[in-house]
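Engineer: The listed protein sequences derive, respectively, from chains L and C.
Mapping of the first sequence onto our numbering: position 196 corresponds to residue 196, and the numbering continues sequentially without gaps.
Each number in our numbering corresponds to the 1-based position in the second sequence with 421 added.
Hints may contain errors.
Said to hold, decoys possible - With a cut-off of at most 30 angstroms between alpha-carbon atoms, the simulated DSSO-like pairs for lysine-lysine come out as follows:
1) L:LYS370 - L:LYS34
2) C:LYS433 - L:LYS252
3) L:LYS31 - L:LYS370
4) L:LYS252 - L:LYS370
5) L:LYS252 - C:LYS430
What the hints assert, rightly or not - Which bits of chain L does chain C cover? Going by a derived footprint, with three or more residues having C-beta under 8 angstroms, they are:
6) 96-106
7) 265-271
Said to hold, decoys possible - Distance ranges between label pairs, derived from CB positions:
8) L:SER253 - C:GLN425: 20 to 28 angstroms
9) L:LEU351 - C:THR428: 54 to 62 angstroms
10) L:ARG322 - C:THR428: 35 to 43 angstroms
11) L:ILE267 - C:PRO580: 49 to 57 angstroms
12) L:GLU393 - C:PHE429: 27 to 35 angstroms
13) C:VAL560 - L:VAL73: 51 to 59 angstroms
14) L:GLY419 - C:GLU492: 32 to 40 angstroms
It should be emphasised that the hints constitute simulated quantities derived from the structure, not laboratory data.
Since the model is a prediction, treat every value here as computed from it, not as a measurement.
Positions of the beta carbon are idealized from the N, C-alpha and C atoms, including for glycine.
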Amino acid sequence: MAEVSSVVELHILSFGLAALMGTAFVWLGLKNNKTEISLRMPLLQMGLLFLVNSLIFVLYILRDSESIQLSEVTSDIIVHLSTITNAFTLSQILILTMLFPAPLASTREGMRTLIAGVLIAFVALFFLSMVLESGELVTGALFWTILTIVYFSVASLILIRWFIVHCTSDDPLENNAAVASGLMFFAVLGAGIIQWPFRLFPLGKPGGSSYVFDSQGEEIRAFLALPYTISSLGLFVFLIGSAMIAKGKRDKSLFTVSFLFMAAGLINLAAQYMSSETGEFRELWDYFVVTGIFGLVRPLLLILLVLRFNLIDLTDVSIRGRIRVLSLLIITVWASGFFEIIQAFIPLPQLLSAALIGALLAFAIGWEEKLFDNLLSGSGEKMLPVTEDFYDEDDPYLLVMVTGGFLVLCVVFAFLSYGGF
Amino acid sequence: MLNQLFTFKSVKEERPFLTFLGVCLVVVMLNVSVDPVSPQTIDSTVDISSSYENTTMVESASLDMNDGGVEAVVLELNQNWSDDGWHVKSIEVVLSYEETAFADLDCDTVSGALSLTSNGQEPDTSTAEGASSDCSDIVLSMVWLDADEPDLSLLASMPATVQVDVELSVDSTVPGNDDEETVNVDIELQLTRLVQS
Chain L
1 MAEVSSVVEL
11 HILSFGLAAL
21 MGTAFVWLGL
31 KNNKTEISLR
41 MPLLQMGLLF
51 LVNSLIFVLY
61 ILRDSESIQL
71 SEVTSDIIVH
81 LSTITNAFTL
91 SQILILTMLF
101 PAPLASTREG
111 MRTLIAGVLI
121 AFVALFFLSM
131 VLESGELVTG
141 ALFWTILTIV
151 YFSVASLILI
161 RWFIVHCTSD
171 DPLENNAAVA
181 SGLMFFAVLG
191 AGIIQWPFRL
201 FPLGKPGGSS
211 YVFDSQGEEI
221 RAFLALPYTI
231 SSLGLFVFLI
241 GSAMIAKGKR
251 DKSLFTVSFL
261 FMAAGLINLA
271 AQYMSSETGE
281 FRELWDYFVV
291 TGIFGLVRPL
301 LLILLVLRFN
311 LIDLTDVSIR
321 GRIRVLSLLI
331 ITVWASGFFE
341 IIQAFIPLPQ
351 LLSAALIGAL
361 LAFAIGWEEK
371 LFDNLLSGSG
381 EKMLPVTEDF
391 YDEDDPYLLV
401 MVTGGFLVLC
411 VVFAFLSYGG
421 F
Chain C
422 MLNQLFTFKS
432 VKEERPFLTF
442 LGVCLVVVML
452 NVSVDPVSPQ
462 TIDSTVDISS
472 SYENTTMVES
482 ASLDMNDGGV
492 EAVVLELNQN
502 WSDDGWHVKS
512 IEVVLSYEET
522 AFADLDCDTV
532 SGALSLTSNG
542 QEPDTSTAEG
552 ASSDCSDIVL
562 SMVWLDADEP
572 DLSLLASMPA
582 TVQVDVELSV
592 DSTVPGNDDE
602 ETVNVDIELQ
612 LTRLVQS
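Construct the complete structure from the given sequences, taking the supplied hints into account.
Structural biologist: This is the structure:
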């Protein structure tokens, strides 16, 4: 089986995919004036999320690459920075759930208050975690844990609520919002969902990098159980909900995605039980399953969301042309990342893997044209609730500036976290 | 403040969401209060076994003593031994000497006393004092358990200090001929620890 080198290669491919999508979404969010601004804001936020993810992948590459020799201090700071930046992406995800499928607030001022509240709480929780950890080894892990408990839970509840309230609505816009919230749920909160058998049943300690329960003290277990329990139960809300609603309102894509995540959880359960805890297979499985969802499944689902719910106006010929080129690039990078994961488990000869990538691309290139035509023909039916004149024209730029500012703050926090109080 | 599509309505309309929240809380409580079932290892070649690892520590000293003199040999084991899981299983001290004075037909009298300062249990059997006047070896010992796989909680642990006090009383058939002797002290500690694989 492959070792560290394939992990670094997957980081590189994930970085490429995230940077590509982030740049595209940010550009479309800022420049595509023909799309309603209420739809451009969540598109922009998704793009910023991808850009921060790409930064995180760069840090992972620096951390894990054997050819880059870093001093111990630099290495530690990189670890702290990646932890803080990962925590920041939780804030971005929470803000995204406030923007999509519809603005959570009723007014622009209300929305600014909500977003400001999220960011101020981010800063406050950082200093709180530093104070709680002072005197002991400060790793940033407590900060990440607190944010996971609070932000992950709230983001999950917001999306689940959108679905529960509107999945049976007669209004097609509200129904679309319910479906969109489901797809967004799996896209941004999906990595931990496949641990659902261990959350919902008293099964033994699972492996997996997303699991932090058993390393914490008893007093924190109840709080840590909350976000992952919400997301695991949310899976079944979407699965059962999308299966049981009336035929006219049922959405096949949401049901399919829910079913696949449920099945992935069962496969993960089997893999955890049937492989040796200390074996190489388990180590690779735990790493690639989580990273695979984070790096490969999330982009696919978000692209589906963006194209399906008209966050990008495909009727514009120039935009459509650029999106098609972009989608071909994304498919190429994605296929390489996918086979990188396959090769980690099943070492394939380079020629064979190149041939398989070529075959997949040939199929995908023909398929994406059909997909675009389908999306274009069905675009009128998949509109989301839009509040006109909700945002100012400056709001997209403001969002980019605030994100950039907070990224700088994350760097400062990383040094603070490294130095300790 | 919240979007009209998202605001909370009547309890009846909110029942599905409230039910979801209730189920979440119940599952969280169950997660915390119910111990998970540990997975059984299906791979039969994986055998978690325990075994004991033994080691012997030896300290030797050669004491040049005068008549009536008392010397002590001290062996100290620090906390690191306990941190690594080691326990003392037995201590054996052998005091040996010869009559080296020319034409002296009477061996000197050597007496020895063994003492231990340590954490853990007292030895099960102990010969802490001994003496010899015929040049035979003096064997002092402390044994905790005479078993191959002892319960480690019943053994002595570190930090520990082993002290052997040696006293020489010169006996000589030739007056004034002999007033010193060399006594060899050999201390052997048997240590044991549990090793899991």
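Engineer: Hint by hint, say whether it matches the structure.
Structural biologist: Here is how each hint holds up against the structure:
no.	hint	verdict
1	L:LYS370 - L:LYS34	24 angstroms, holds
2	C:LYS433 - L:LYS252	29 angstroms, holds
3	L:LYS31 - L:LYS370	26 angstroms, holds
4	L:LYS252 - L:LYS370	18 angstroms, holds
5	L:LYS252 - C:LYS430	29 angstroms, holds
6	96-106	holds (count 5)
7	265-271	violated (count 0)
8	L:SER253 - C:GLN425: 20 to 28 angstroms	27 angstroms, holds
9	L:LEU351 - C:THR428: 54 to 62 angstroms	60 angstroms, holds
10	L:ARG322 - C:THR428: 35 to 43 angstroms	39 angstroms, holds
11	L:ILE267 - C:PRO580: 49 to 57 angstroms	52 angstroms, holds
12	L:GLU393 - C:PHE429: 27 to 35 angstroms	32 angstroms, holds
13	C:VAL560 - L:VAL73: 51 to 59 angstroms	58 angstroms, holds
14	L:GLY419 - C:GLU492: 32 to 40 angstroms	55 angstroms, violated
In this structure, the hints that do not hold are numbers 7 and 14, in rising order.
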